[in-house]
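S.K.: Residue-level listing of the chains:
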Amino acid sequence: MRRALIALGAAAAGFGVAAAPAQADTVVIAGTDALVWEPSLVDIKPGDTVTWTFAGTTQYHNVWSASPNWSVQSPGGVPAPDFSYTFEAEGTYDFYCQVHPDTMRGTVRVAAAPPPPPPPPPPSAQPFGNDAGEPLTIESNVKLDKTRPRLSRLSARRAGKRAARVRFRVSEQSDVTVRFKRGKRTIKTAETSADGVGTIRVRGLRPGSYRILVRATDLAGNRAKSRTLRLNLR
Amino acid sequence: MRQFRPPADAWSRRDFMRNGSYSVALLCTFGSTSSLKRDKVTTSAARRAQAASPFKPFQRDLPIMPELEPVSRRNGVDVYEVDIKEGLAEILPGFETPIYGYEGIYPGPTIRARKGRPAIVRQRNRLSFDTNVHLHGGHVPAKHDGHPMDVIQPGQGFDYTYPNDQDAAFLWYHDHAHGRTARTLYYGLVASYLLGDEREEELELPQGEYDIPIVIADHAFNRDGSFRYAENVDLGFRGDTILVNGAVSPRLRVQRRIYRLRFLNASNARSYELRLGNRRQMLQIASDGGLLERPVARTSFPLHPAERIEVLIDFRSFRPGSEIVLQNTAGEATTKAVMRFDVVSGGGSEEARMPRGRMRTLEKLPEPNASHRWDLSLLTGTGVQWQIANRGFDPNRIDVRPRLGTTELWQWHNPSERVHPMHLHGFLFRVLERSSGVVHPGERAWKDTVGVLPGETVTVQPWFIPYDGRFVFHCHSLEHGDKAMMLQLEVVK
Numbered sequence: 002m003r004r005a006l007i008a009l010g011a012a013a014a015g016f017g018v019a020a021a022p023a024q025a026d027t028v029v030i031a032g033t034d035a036l037v038w039e040p041s042l043v044d045i046k047p048g049d050t051v052t053w054t055f056a057g058t059t060q061y062h063n064v065w066s067a068s069p070n071w072s073v074q075s076p077g078g079v080p081a082p083d084f085s086y087t088f089e090a091e092g093t094y095d096f097y098c099q100v101h102p103d104t105m106r107g108t109v110r111v112a113a114a115p116p117p118p119p120p121p122p123p124p125s126a127q128p129f130g131n132d133a134g135e136p137l138t139i140e141s142n143v144k145l146d147k148t149r150p151r152l153s154r155l156s157a158r159r160a161g162k163r164a165a166r167v168r169f170r171v172s173e174q175s176d177v178t179v180r181f182k183r184g185k186r187t188i189k190t191a192e193t194s195a196d197g198v199g200t201i202r203v204r205g206l207r208p209g210s211y212r213i214l215v216r217a218t219d220l221a222g223n224r225a226k227s228r229t230l231r232l233n234l235r
Numbered sequence: 006m007r008q009f010r011p012p013a014d015a016w017s018r019r020d021f022m023r024n025g026s027y028s029v030a031l032l033c034t035f036g037s038t039s040s041l042k043r044d045k046v047t048t049s050a051a052r053r054a055q056a057a058s059p060f061k062p063f064q065r066d067l068p069i070m071p072e073l074e075p076v077s078r079r080n081g082v083d084v085y086e087v088d089i090k091e092g093l094a095e096i097l098p099g100f101e102t103p104i105y106g107y108e109g110i111y112p113g114p115t116i117r118a119r120k121g122r123p124a125i126v127r128q129r130n131r132l133s134f135d136t137n138v139h140l141h142g143g144h145v146p147a148k149h150d151g152h153p154m155d156v157i158q159p160g161q162g163f164d165y166t167y168p169n170d171q172d173a174a175f176l177w178y179h180d181h182a183h184g185r186t187a188r189t190l191y192y193g194l195v196a197s198y199l200l201g202d203e204r205e206e207e208l209e210l211p212q213g214e215y216d217i218p219i220v221i222a223d224h225a226f227n228r229d230g231s232f233r234y235a236e237n238v239d240l241g242f243r244g245d246t247i248l249v250n251g252a253v254s255p256r257l258r259v260q261r262r263i264y265r266l267r268f269l270n271a272s273n274a275r276s277y278e279l280r281l282g283n284r285r286q287m288l289q290i291a292s293d294g295g296l297l298e299r300p301v302a303r304t305s306f307p308l309h310p311a312e313r314i315e316v317l318i319d320f321r322s323f324r325p326g327s328e329i330v331l332q333n334t335a336g337e338a339t340t341k342a343v344m345r346f347d348v349v350s351g352g353g354s355e356e357a358r359m360p361r362g363r364m365r366t367l368e369k370l371p372e373p374n375a376s377h378r379w380d381l382s383l384l385t386g387t388g389v390q391w392q393i394a395n396r397g398f399d400p401n402r403i404d405v406r407p408r409l410g411t412t413e414l415w416q417w418h419n420p421s422e423r424v425h426p427m428h429l430h431g432f433l434f435r436v437l438e439r440s441s442g443v444v445h446p447g448e449r450a451w452k453d454t455v456g457v458l459p460g461e462t463v464t465v466q467p468w469f470i471p472y473d474g475r476f477v478f479h480c481h482s483l484e485h486g487d488k489a490m491m492l493q494l495e496v497v498k
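First to last, the protein sequences are chains A and B.
End of the first sequence = 235 in the working numbering, gap-free, step of one.
End of the second sequence = 498 in the working numbering, gap-free, step of one.
No wet-lab data here; the hints were simulated from the structure.
There may be inaccurate statements among the hints.
To be verified - Here are a few chain B residues that face chain A, going by a calculated C-beta distance under 8 Å: (1) Lys61; (2) Tyr85; (3) Asp229; (4) Leu240; (5) Thr246; (6) Phe323; (7) Ser327; (8) Val330.
Heads up, the beta-carbon is just placed ideally off N, CA and C, and yes, glycines get one too.
If we strip away everything but chain B, and leave its shape as in the complex, we get (with noise of 0.2 Å):
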């Protein structure tokens, strides 16, 4: 494997506080002050000097990720070609950010599936180390799955096939070599896949612009702008900042309309509470693995590394000027602004429509075959690493073989004092029970991942359908999976 090191280039590594200076002092040569004022000041110096602190929320519009055209659309395939290479993204006014992005972008690409029309995404490893691509939440073949050991090397590429063939929901592709995910997710290869099928639009849910990934991740910066990270293996990587697709907590400008909002946790290691203004009503419609049985209102709802929830937020009823904050009410002082959502008027009359009622039935799961209990704990000594079942990440070993088709009950055991995300690679499961109170009915369809609490016991019922073959399972505090709280699983048939 090769060495991980953080993205740069030329330009970043450029002096930009000092580079900032000359060109204020460029400007200030050719023309007076009211000119610049007047004109529209594009340099970064300028737009530096003109913001109040690069960090203040609210100050930009929420980035919508660019959506990827298949290059190809014969034989019923949508054939996708992706780029994984070094980028610039200007996140704080007037800096530019090195990352690592899927086309050289942070986020990524959003891939519109559709059930039924197989993917294959061409990806080209144009970064300097390994990399590779899971897609989180898809039921895939265990050799298109992204499992650490599988990996492109620089130069390389490898076209991973997705068969498309679950139900709509809102999945997302990342990078999964192992050892250094902290790092890679962190510097940008993080991109939303929106997998939707005719059981959304007979449900006649908000789509097109009304219908947004809202990827949330928590980062820190260095004086030039770039990403600061500080490895931490016991609580994870702890960040001062939100971002929302890319952006400093941005604002939304939406119309009286419904919205469907997919929220994304892909922080490395923060867990989200999230709250609509004064405890306004959000439906949640979604979790992980697509529809809930029936639309379950929150007013506010939990959001660990790697989950997804899918709301609708009907603005109709507010007047233009209305502004609501989406805030984080398990944040510090400056993690609490999440977004923020402006009314405006326009948008002419709804076509679609709030659910009331069942919206899908859950398939009745066969009884499981096996249970297993996984601790969840950190080993200490000579050395730090975190553990299930006081195992460490073995790619030589395989440590649970569940038979194709079958279910299991896991117990994921956490008497650690961290959240443990835990996530499983390829199968779907559903939460029975949580020591610590009632499963929420929003908790309570299909899932790939679920925030273990410390001191409490999750118990969980994967079913192991449709592929065979090797897969892992792990948690998602990325800090903590790295080093190396993951676990192998073969599904044999």
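Just chain A, with the same shape it has in the complex (with noise of 0.2 Å):
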């Protein structure tokens, strides 16, 4: 920035001069990693002379001619070299970097007096920057879900031949497990998913005296305590 003032004012301070003879000025224009020139367009007289800078760069830069009123391709580099060049007719010449030709266009414009200034872009070629680069919350209100579901208002009863229908409620959504078990042997096993009162009814039981194990799985994993009920099936 510091270096555009200085061009700036070496421009200014060149028309300001424009009607002595001879006092040739140089106007410098720095090639940055921002990859813009700073400044992209300088006013000059006759005989000044420009001299593009590269210092402290880690991007690959140069400057070529881009108007057919100059022919100019300098050596590139990581920095590059500064590169000088004395206009001596006026004129308007454009330059980019080869490796940036987006964005590291400027323009020398020649002339004994000043230019008018020119019209400001469209909004189509004006940068939207990005403003909300604010710390970034990572996680918020995150919760583990470590609390058992609770099974409660159990009952078993017969439903229909040889089969029988388990009620529950569930306190939360979860996997409902209910197994049929006579002395240690198991002799039906069934599931379903259920968030609030369920029901599940097992099929394919012979008469007698049963023990059933209700068990309960929520989402995260955690179990409920798991209950017992008696049905005597005839």
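The task is to assemble the complex, starting from two chains supplied on their own in separate frames and drawing on the hints.
M.R.: Okay, here's the thing in structure tokens:
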């Protein structure tokens, strides 16, 4: 930026003394890793020199002429060496960096009298920068579910021939398993998914006395305390 | 080749800001501000006025790209029709962004294909310049691969035939006309192609609304809401805003279920390092070429341009109300926030499973037939050109001729300062060695793109099956590939 001010100052000074004979000035244009020229437009008078500098840059840059009224291809590098050119004739001289041709474009205007200021670019050519760079909250309100579901209102009764129905209430979304046992043997197992009141119907049960184990596991894998029911099927 | 120009139409040329202020004035004439609050406000100016900043993250729900329906399913072949054309996308609230898109949308519609069922995608070029379509990661005959020189002229079409003979994988399709992919992909010619198979079903992975492709790309904007592009041949394009499925850092309301999230880095040249919350666990199940042999638990993973990584995230243990951010720890201030998961209740019980143990067995490769070292460098002097083995792209020169059915050792050697995501068309490879350290288990299955870091040498083993013919391999930092970091191979019988 400081360099830009110097350059602009130099340009202004140039015009201030335009009437005086043969005092040539040098204007500096800095190539930057922000991928713009600082400044991108300079106004000078015939006989002035422009020096392009690249001190401290870590990207490859160079200066190529972009209008047919001059021909320049400066050597590039990281950083590129300084490059100077003396403009003798009035005119508008465009230049660019061949590596960053969209953003690093610039113009040298050479005239004995100062030219009018350029019009502002249209909205389709003005940057709309992202201004939302606040610190990120990586997690908020994160709570792990470590609460066991609760089973209540359990009941079991006959539901048709060789069938039984187990009713229950579970406190949250869970997988509920019922296991019909006689002694140590498991006769039938059935599973359902439920939230609140639910039922499971089990068929193919022979008459006899059953112990029914009811279990519930919630989405997070927490298990309810298992409950036992008894049922006599005749 | 016809010259590229950024997408535009009559609407996009209007001065959005000026037009917007007219709309506000009109509203004020007819109603008070209270009616504005009560009613659903839909004018673009009002939406702009309501938004604190159009770039504020987590304001929009993650868009889900529509799935393309076949126009025919006869004879076991699915036929799709796609128009490649201009469109308008609402990316920043209240602004319309001109894009190029498959079916005029960004990202383009998702194709869900099935192993064993060939697909024909009938692409019609409704643009004013040449384009073509490359199925990235696909085993396809050379003629249908989207070679940079095989282009579809404006007004013409081409029927891309995809045999779908390979295992399930997250493929994607995009433009590949030579010299302008940096611009055409940036302006929207990007879409997902999800190839599924029986093995995935056996594993009972999440399906339907719980299986989501996530397309990440960095962008920048102009004052009128249009995309802003600036060529940077050295570093590649860098935007100041992260778009996920075409929305600025969105949020996804997730139920207490298992989600299969398929990440694609569709950025021009930006690499990401994605981390879930405070290092929460993600289970990686797949990479570019499909399932890994075994799932790999990760809290963070790198994603270079064109790479894909699929993870399962189990949200069942979180209580509703939990908010967890997926962040890009490699990003700058405004490119850190990728998306946020907001846990909500509902969803019922889970049918899908978190896989344990072996998911697939990778084929044993034939012994390598030859080895090649490819130096990746920037030629400077009178001009600037990225090169592979001191050569730039020449469509009239074949740089390597592997035999069909063989494997070779390819060494990517990167003395440059930039990451080079090296991509091989038409074939898959395995990553054998990284000079910077061990090859991560998440990178040991089939790949089609590998990020070669500055100063690194990466050895890969491509297997040249199943098709012979002329293909390319190149750097998928698009500005590098365009200028002219690309060589040709011809696989011979």
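S.K.: Hint by hint, which ones does this structure get wrong, listed from lowest number up?
M.R.: 2
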